[in-house]
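Protein sequence lines correspond, in order, to chains A and B.
Sequential numbering of the first sequence, starting at 1, is according to my numbering.
Sequential numbering of the second sequence, starting at 171, is according to my numbering.
Simulated from the structure, these hints should not be mistaken for lab results.
Worth double-checking, as some hints may not be accurate.
[As the list claims (entries may be wrong)] Some chain A residues judged to face chain B by a derived CB distance under 10 angstroms, without partners named:
1. His63
2. Glu66
3. Ser74
4. Arg90
5. Val151
[Stated by the list, open to error] Per label pair, the in silico range of CB-to-CB distance:
6. Ala175(B) x Pro129(A): 16 to 22 angstroms
7. Arg172(B) x Thr31(A): 26 to 32 angstroms
8. Asp133(A) x Ala183(B): 32 to 38 angstroms
9. Ser221(B) x Tyr128(A): 26 to 32 angstroms
10. Ile166(A) x Ile179(B): 16 to 22 angstroms
11. Ser98(A) x Pro220(B): 54 to 60 angstroms
Quick caveat: nothing in here was measured; it's all calculated off a predicted structure.
A virtual CB, placed ideally from N, CA and C, is assigned to each residue, including glycine.
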Amino acid sequence: MALFAVVLGSAVSSRAYGQGVASDQLLDISTGFGSGVLRGGNGGLGVAQRAPFFVDVTVLTPHPAEPWLLLGGSLRVELEDGRAVAGVARATLRHKLSKLELRPGVAIPFYFAPRTMIGPEANFGIRYPVGNDFGLLAGAGIAAFMIGNDVPHGTTVVMFHFQLGIGLLL
Amino acid sequence: MRSQARTRIVAAAGLVLSIALGACTDPGCIRHSECGHGYVCTRAMCVVEPSDGGSSAEPEFPDDELDSGFE
């Protein structure tokens, strides 16, 4: 709920300060590595585990009319257990804060191999610029998976993850 | 001073992250894909996937655990 409030609040402030972000870039490419906490359980049994380590590659592009809004997606590959693969559709807001760029956003991760699961995700990222086009990224997100044949019957899989990465503006 | 503060923030974040990850080590499964081929996750345990789409009553072990140690 707090993340949702941050997303909404940043949407309003990004409109107000939309001049602060560059509008001439075409692509934002990044890669990251992360893990987190997986929570679920069936029949009233709550279980929490470390989420599998994953790597992902993300490509975002600014909305033509609203450069503070980035749209795009990621390919995520888990490195443990079933080595699941997911595609993630993303919408991310950009808000300049001094040297940093705050990036709250929403996403829809869709795990499609070896089994399927899909659900909404809210996330929050920070980009620290290093040089003109290069940047360091840190982020956290929470996702709830309710649909798919990887989700045990009668339960919801909740994933809270942290991520570190690098990004390039083109 | 600023670099010291930054170092402390990074160290604190690392500590929180390691505690959060280390604390979450409950046994059992959460997703079916953790259980390996032919098994499903039911009541946080990996069980043999039944042919009728339900789940078997007795918990079993995934293939890799069965293969180790029993000849």
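Hints the structure violates: just list their numbers, smallest first. 1, 2, 3, 4, 8 and 9
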